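Colleague: Given next are the chains, with one letter for each unit.
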Amino acid sequence: MHPLVEAKPGQKLLLLGNEAIVRGALEAGLKIGAAYPGTPSSEIGNNLFQIQHELPGLYFEFSTNEKVATEVAAAAAASGLRSLTCMKHVGLNVAADALMTLAYIGVQGGMVIVVADDPSCHSSQNEQDSRYYARLSGLPLLEPATPEEAYQMTRFAFELSEKLELPVLLRTTTRVSHARGVVKVGEMPSYDKPVKGKFEKDIRRWVPIPAVARERHKVLLEKMKEAETLAESASWNFVYGNGTLGIITSSVAANYVYDAFQELNIDEKIRVLTLGFTHPWPTKLIAEFLSQVEKVLVVEELEPYLEEAARVVAQREGFKVDILGKYSGHLPRYFEFDPGQVKEAIARAFSLDLPQPETPDVSWVPDLPPRPPTLCPGCPHRETYNVIKDVLKDLGQLENTIFPTDIGCYTLGILPPIQMADYLICMGSSVGSPCGFSVATDQRIVSFIGDSTFFHAGLSPLASAVFNKHNFTLVVLDNETTAMTGHQPVPSQELRPKVLEDRPRIDIAEVVKALGVKNVVTINPYQKEKAKEAVRPILEKNELSVIIAKAPCVLYRARLAKKK
Amino acid sequence: MKKLRILTVGVGGQGILLFSKILGEACLKADIPVAMSEVHGMAQRGGVVETNIVMGGIKSPLIAKGEADVLVGLEPVETLRALPRTRKGTVIVSSTDPVVPQIVKDGFAKYPELPPLFEKLKELFNKVYLFPGEQLAREAGTSRALNVVTLGALTGTGILPFSKEDMVEAIKSTVKPQFLEANLKAFELGFNAVTA
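Chains W and E, in that order, are what the protein sequence lines are. For the first sequence, counting from 1, position 237 maps to 237 in the numbering used here; every step adds exactly one. Every position in the second sequence, counted from 1, becomes a number in the numbering used here once 564 is added.
Here chain W stands alone, though its shape is the one from the complex (with noise of 0.2 angstroms):
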């Protein structure tokens, strides 16, 4: 049995702040899940899917993008089913449009929107605050610090969504999501059997034409109102200290205050305000700490979400106090932070006397190689980009070619000794650029994508290439799974674990024929040059043609014998 379904009352676990969430909607009672993977949010979803094998009573599964799982938890919670989709910050951005209306039309089951946010960058491409979309869309917002919290707040975000009868953000970071912590867990509902929903029609609910949208949102902004007061009395929101100097802080970064607090005993001067709870803003609460404080640090990594919210609540009461934080240069707006420079802040923002650790003198170390992370080896990828570049240097048209890209393993295709990754936004960008780069350059285009990522965002853009006459190559490169993120399952797979045997196949290859596209080729990259010789007439054309270089993730494919 799953060790998260096993786990009995009241045992304490060591859990991944992403188990964590996964244990506490199952004690919620969620039914049914629906996500796209993204580091680090991807072990939400992994664990759902694994369990959902074991449990008749739990409906999961991977969807092609954020915002059709978005929609499929929705739909649920409309049902009146409780629900939870998962994804990355930048998965947020994809089911932004979903997300917008969502707010407006809102949910009769509980409805939980992981979203996890990665400072620093580890694994994205940008470090994008999500909390700002909780405050665009009016929806209520969750930050919880550690992997306990996690799991106390996803039980408590289904309470609040189906008491407000509104999705409910719980945005983590990425030293939450793959933080381990004790987690002393509760009792599981039954999932005997497979539960199913009604759904009551409502055209005056759940269609916003424009006469429905006018009136739900005046409904959202009421409910905006009934979420800031039960902001303000949350346990998740809560004072420790005492005196006339303030900290106010939320998420991992709360831990670090918390830390510092304990190693600087500041208790007598020193009074912090930790907020989980951080949207809509408990402006009383706030309000109640600045009228006790001279001066007050705000410290949470990314943007300065609460320093804003203090900096209204301040001037709305007409308060004079000091607030420090981004915008007095106390601590930066990029990258996660750590706990010493969290008490250096600290120590600077009130002028204490700050211990420094005695440091080794390590001049003496010479310089060491560094490890970028590259492609594993036997890696498939790196086959097909050296027959793409061997068969474009017989051409004479390497140094004229512009190599798109696209989100995944592959991205990694910029490193030496390959270098063919030339421009990159997000997921899908691999196809709809080099529509731009087409009109807007002579240069030849090669761009590259992964299985996932084209079900995720290239159906569409090549769709516009065909209709719009593009001229460019695209190469799928599809090795049979979402290989970046662990090895979720995409529609075109035929290497796939037993439990999805049934599932009906979808082959990239007849899609793209289907969508227009002429010049289409499937290759062997292991096989060098046979495949160079059926890539090069499709390179020597001009025109817009699709290869998909075909051949499995070595390490997927020797998890799945293992299995089997």
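Hint data in this document are derived by calculation from the structure and do not stem from the laboratory. Please read all numbers here as calculations on a predicted model, not as lab measurements. Be aware that one or more of the hints could be misleading.
[Claimed, not checked] Below are the DSBU-like pairs computed for lysine-lysine, each with C-alpha atoms no more than 35 angstroms apart in a straight line:
1) E:Lys623 / E:Lys566
2) E:Lys674 / E:Lys629
3) W:Lys320 / E:Lys652
4) W:Lys12 / E:Lys623
5) W:Lys530 / E:Lys652
6) W:Lys532 / W:Lys562
7) W:Lys295 / E:Lys623
8) E:Lys652 / W:Lys326
9) W:Lys563 / E:Lys749
10) W:Lys12 / E:Lys728
11) E:Lys593 / W:Lys184
12) W:Lys562 / W:Lys184
13) E:Lys736 / W:Lys563
14) W:Lys8 / E:Lys623
15) E:Lys567 / E:Lys629
16) E:Lys629 / W:Lys326
17) E:Lys740 / E:Lys684
18) W:Lys184 / E:Lys567
19) E:Lys669 / W:Lys184
20) E:Lys629 / W:Lys295
21) E:Lys728 / E:Lys566
22) E:Lys740 / W:Lys12
23) E:Lys593 / W:Lys326
24) E:Lys674 / W:Lys8
25) W:Lys528 / E:Lys674
26) W:Lys284 / E:Lys623
We have chain W already, so just place chain E on it with the hints.
Modeller: The following block gives chain E in isolation, referenced to the frame of chain W:
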């Protein structure tokens, strides 16, 4: 309760996540408050991997510059790379068997000569425990048990706030049954390497 910050570094593929998980499970068994953080995803692809483990009621799951009480290295160059996170008095526990990066094999960078650096390390820190981790793992029957050899060595230093038995129990409950025998042997070899 005594606070302890253990920084563990190595290379993707060395089993550092399992190393940390077992260490965390041992804390759980011994009822010692523990928090930790790890890096998944792109950073793991052959790159530098680190985990931060804090015990005794520390909440921050990250170890800053000058904060590590123990530095555990599954690879010697990674041990050296992490030295700025140590302070005077940090206990160093490191395997001496190198994993040469591809970039060195391709001739774009140099892998340093290790013995003089180990000497320097011993001069600078009072407690330095070095052992040939991969060699011991192979002796135990699988080179994949480097992580458990290292757990043995760390346990052998006596700095952990729980017993050797707690650690063995944690290994038993975490490692798959078919690999258990080799791993228990690996643990003993690591333990003996620093206590003998």
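Colleague: Indicate, hint by hint, whether the structure satisfies it.
Modeller: Hint-by-hint comparison with the structure:
1. E:Lys623 / E:Lys566: The given pair, whose Cα atoms are some 14 angstroms apart, holds under the 35 angstroms limit.
2. E:Lys674 / E:Lys629: Since the Cα atoms of E:Lys674 and E:Lys629 sit roughly 26 angstroms apart, the hinted pair holds (cutoff 35 angstroms).
3. W:Lys320 / E:Lys652: With a Cα-Cα distance of about 44 angstroms, the restraint between W:Lys320 and E:Lys652 is violated, given a limit of 35 angstroms.
4. W:Lys12 / E:Lys623: holds, 17 angstroms
5. W:Lys530 / E:Lys652: Measuring from Cα to Cα gives roughly 60 angstroms; hence the hint is violated.
6. W:Lys532 / W:Lys562: holds, 33 angstroms
7. W:Lys295 / E:Lys623: Roughly 25 angstroms separates the two Cα atoms, so the pair holds.
8. E:Lys652 / W:Lys326: holds, 33 angstroms
9. W:Lys563 / E:Lys749: Holds, because 26 angstroms separates the two Cα atoms, which is no more than 35 angstroms.
10. W:Lys12 / E:Lys728: Given that 35 angstroms is the threshold and the Cα spacing comes to 21 angstroms, the pair holds.
11. E:Lys593 / W:Lys184: holds, 13 angstroms
12. W:Lys562 / W:Lys184: Given pair W:Lys562, W:Lys184 holds - Cα atoms ~33 angstroms apart, limit 35 angstroms.
13. E:Lys736 / W:Lys563: holds, 22 angstroms
14. W:Lys8 / E:Lys623: holds, 26 angstroms
15. E:Lys567 / E:Lys629: With a Cα-Cα distance of about 17 angstroms, the restraint between E:Lys567 and E:Lys629 holds, given a limit of 35 angstroms.
16. E:Lys629 / W:Lys326: holds, 22 angstroms
17. E:Lys740 / E:Lys684: This hinted pair is violated, its Cα atoms lying about 39 angstroms apart.
18. W:Lys184 / E:Lys567: holds, 22 angstroms
19. E:Lys669 / W:Lys184: Given pair E:Lys669, W:Lys184 is violated - Cα atoms ~48 angstroms apart, limit 35 angstroms.
20. E:Lys629 / W:Lys295: holds, 28 angstroms
21. E:Lys728 / E:Lys566: holds, 18 angstroms
22. E:Lys740 / W:Lys12: holds, 21 angstroms
23. E:Lys593 / W:Lys326: Violated, at roughly 42 angstroms.
24. E:Lys674 / W:Lys8: violated, 53 angstroms
25. W:Lys528 / E:Lys674: Between W:Lys528 and E:Lys674 the Cα gap is close to 32 angstroms, so the pair holds against 35 angstroms.
26. W:Lys284 / E:Lys623: holds, 28 angstroms
Of the numbered hints given earlier, the model fails hints 3, 5, 17, 19, 23 and 24; all others are met.
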